[in-house]
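Here are the chains, one letter per residue:
Protein chains: 2
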Amino acid sequence: MIKNYNIVIAGLGTVGSSTINLIEKNKNIFLMKSGLRINIVGIFAKNKSKKRNFKKNKYKWFSNPLEMIKQKDVDTVVELIGGDKGIAKKICFEALKNNKNLITANKALIANDGYELAKLAEKNKVKIGFEASVAGGIPIISTLKRNFNGIKINKITGILNGTSNYILTNMLEEKNQFKNSLKKAQKLGYAEQKPDDDLNGLDTLHKILILSTIAFNKKIDLKKVVFSGINNLRKDDVFYADRLGYRIKLLGICYLEKNKLKLVVEPFLISKEKELSNVNNNLNAIIIDSNNNNKTILVGEGAGGDPTSMSVVSDILNIHFEDKNDFMYGIKYQNLRKIKISNNLSNKDLFFIRAQIYDKPGAIAAITTILKNYKISIKSLFQEQINQKLFNVVILTHKCKKSFINLAASNLNNCKFVKQDSIIMQVLHV
Amino acid sequence: MIKNYNIVIAGLGTVGSSTINLIEKNKNIFLMKSGLRINIVGIFAKNKSKKRNFKKNKYKWFSNPLEMIKQKDVDTVVELIGGDKGIAKKICFEALKNNKNLITANKALIANDGYELAKLAEKNKVKIGFEASVAGGIPIISTLKRNFNGIKINKITGILNGTSNYILTNMLEEKNQFKNSLKKAQKLGYAEQKPDDDLNGLDTLHKILILSTIAFNKKIDLKKVVFSGINNLRKDDVFYADRLGYRIKLLGICYLEKNKLKLVVEPFLISKEKELSNVNNNLNAIIIDSNNNNKTILVGEGAGGDPTSMSVVSDILNIHFEDKNDFMYGIKYQNLRKIKISNNLSNKDLFFIRAQIYDKPGAIAAITTILKNYKISIKSLFQEQINQKLFNVVILTHKCKKSFINLAASNLNNCKFVKQDSIIMQVLHV
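Residue numbers (our numbering), protein chains in the order written: chain A, 179 to 608; chain B, 179 to 608.
It is worth saying that the hints were derived from the structure and are not from the lab.
Among these hints, one or two may not hold up.
[Stated by the list, open to error] According to the in silico footprint, chain B covers these stretches of chain A (three or more CB under 8 Å from chain B): (1) 327 to 335; (2) 461 to 474; (3) 504 to 515; (4) 548 to 561; (5) 566 to 580.
[As the list claims (entries may be wrong)] Simulated coverage check for chain B against chain A, where a stretch passes if three residues somewhere in it have a Cβ under 8 Å from a Cβ of chain A: (6) 204 to 212; (7) 322 to 334; (8) 602 to 608.
Note that beta-carbon positions come from the ideal geometry of N, C-alpha and C, so glycine has one too.
With the sequences and hints as input, model every part of the structure.
Take a look at the structure:
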């Protein structure tokens with residue numbers, strides 16, 4: 179028995195186009211496996227005249243996406259425009275208000291307005307699929323909601339931003355400066371033309387926040403989270419870390435501790451022997467630590483048309499079959515609890531410090547005295563000349579508290595021998 | 179609204195006990211997330227008097243499992259005894275015949291009788307959950323059925339046997355002989371007292387066969403597959419491979435090619451730079467290659483009470499919610515097609531050869547002449563003295579066809595200088 183299933187697609191960029199092509203190509207697979215015939219009964223993008231790599235004329239084009247949504251025979255609205263404001267937001271809310279299921283890859287919107295979306299979807303008894311919003315082709319949303327649904331999750335640790343991971347890998351492997359690695363990432367389609375949110379950590383924050391809500395059933399106020407990215411790092415940092423036995427990875431980490439949700443987004447040093455250190459280029463990876471320290475690791479492409487459209491399509495296929503009890507975050511909206519956020523990992527750990535210092539007598543003594551004043555002892559120190567006036571001093575500390583490091587950092591940055599704010603990264607044992 | 183959900187459990191070993199403890203511990207999580215109250219309304223094991231690490235008296239014990247199954251209020255039968263014959267098989271078939279859902283971790287049974295189980299379940303409109311049957315805590319069944327349901331899967335490659343992987347890792351890391359590594363694996367609970375099916379590759383074959391059926395929707399005749407395991411390997415092999423830049427991994431591989439299903443289970447050499455080479459100890463890993471070479475890798479514990487019981491419990495929770503369209507292999511039984519099997523990878527590749535040779539003049543010449551006769555050229559060769567009479571000769575060939583290697587191997591094994599059958603392993607580029 180064949181069931182017709184009608185969708186509309188808003189947003190026809192890389193992911194939108196790949197989704198349409200995938201649906202056309204695999205029609206027979208859907209029919210055979212699910213008995214579903216997926217009909218695309220409307221498409222919309224901001225720019226109609228732009229060239230697309232699918233047959234535009236096959237589909238009904240709407241210049242007003244809200245009109246498109248409101249068609250009576252639409253089952254599901256697929257939003258692939260992106261962004262937490264403007265038309266993308268309007269489309270998502272209007273879809274739910276009009277009792278349509280919603281599928282979206284929009285992590286910024288979900289991180290900002292996901293709870294409102296969940297509430298509205300429950301009220302109107304429709305469903306939200308957002309597998310494509312985190313880690314493209316890695317089925318992490320489904321895994322957390324359906325496979326880790328019966329147990330306590332301890333911690334989630336993820337490399338969630340392919341752009342940053344590519345740049346970190348490329349600086350090391352091809353000895354490129356940051357800006358050249360970024361250019362290469364853009365050329366390969368791994369970075370957008372405006373990559374700020376990828377590089378400053380915001381994109382990683384959006385994603386780890388979404389995963390946290392599913393894993394821990396907490397409501398998180400995005401605005402209260404402090405985060406950082408890789409935009410201050412330089413090629414030197416990657417090589418110094420390498421020399422000390424580490425790789426640099428931008429991570430999102432979350433776990434519950436003493437009635438607080440620890441939510442941390444920053445670059446860390448990871449020993450070369452650990453799994454995550456070998457997740458390179460544009461790959462993403464997520465470690466789920468659960469049930470008596472059972473670790474499950476998922477690795478795959480975090481972005482791009484092919485992997486992401488796979489997640490969009492699996493959502494389209496599954497949304498039809500799932501029970502009404504499939505809540506957006508795996509739990510009723512009303513059962514999501516508010517929680518205080520902390521942005522510091524509590525463990526003592528090693529820290530990497532790189533300070534750019536004027537080549538003057540007393541410089542090293544000044545730096546090491548600052549560390550001594552905060553009881554920070556040094557495990558390893560080396561320096562490297564940058565030019566006639568400047569050198570880098572690189573320090574790996576023994577285990578110490580982050581709070582002490584923060585105090586020392588602010589003193590370092592005010593020190594007359596130090597040229598610019600120092601780079602400080604924690605070593606993570608994952 | 180709370181729904182009571184009644185299960186019975188047959189088999190109370192490591193996984194059975196962990197499942198009961200997990201259900202008791204997380205009652206409130208199930209209630210909150212799914213509104214399900216899971217009641218264990220019967221337990222059975224072969225040996226009633228054996229000590230168990232849960233409160234046996236809390237549950238109704240049945241000495242006849244068939245009587246247990248047939249209770250009117252039972253929704254789902256959980257079979258955790260294992261084995262493709264005897265009472266486990268009887269329980270599984272009787273459960274379905276009596277219109278009960280079935281959850282099982284029994285890979286041997288599914289590999290042998292899965293198609294019959296699927297047919298019966300469809301006929302009686304009940305469901306089968308078998309997430310726990312492959313790779314314990316890795317949600318590979320669900321991932322293939324629900325996340326890769328809309329695309330073409332190209333290939334699956336897996337480290338699926340924790341016992342073998344532990345022994346291979348341990349021989350290298352602790353320089354143990356095979357039998358001592360096996361003993362240690364047994365001590366740690368990573369190997370059974372009768373580990374034959376783990377070491378000879380049969381367990382890996384069961385698992386890759388199950389994954390193949392879901393990925394490619396083919397019926398596979400288990401009896402037609404040739405397979406091998408690690409039982410002939412020795413500590414030396416692991417070290418020789420290491421010296422050449424490789425790790426040895428027992429893999430299950432499957433893909434479609436020219437109307438045949440390639441199904442291969444044997445130990446391979448994998449470059450130390452590749453992801454799978456770093457999956458060590460008792461870990462399992464699966465690479466899903468799909469949709470334009472998008473690679474997704476899942477890594478986790480392949481066995482043991484905690485990870486496996488997680489999969490059993492997620493099956494219990496999900497089986498209740500899923501649609502009637504949730505077919506065992508993701509597709510109707512009648513749509514599974516028979517297919518011819520081939521056990522040879524078709525690519526030319528490098529091969530590792532270790533021959534144990536008598537220390538006599540002409541020995542090396544005899545070996546290399548055999549290779550030359552089959553146009554196999556040598557990339558690297560070294561020899562190592564075993565004792566006064568014997569030495570190992572280790573050869574890494576240039577790329578050549580497996581069929582030529584097989585012919586050469588049979589000649590090698592008949593050569594008067596060669597003491598015992600040579601070890602031959604293919605290098606795999608994954």
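Hint by hint, where does the structure go against what was stated? Just the numbers, ascending.
4, 5, 8
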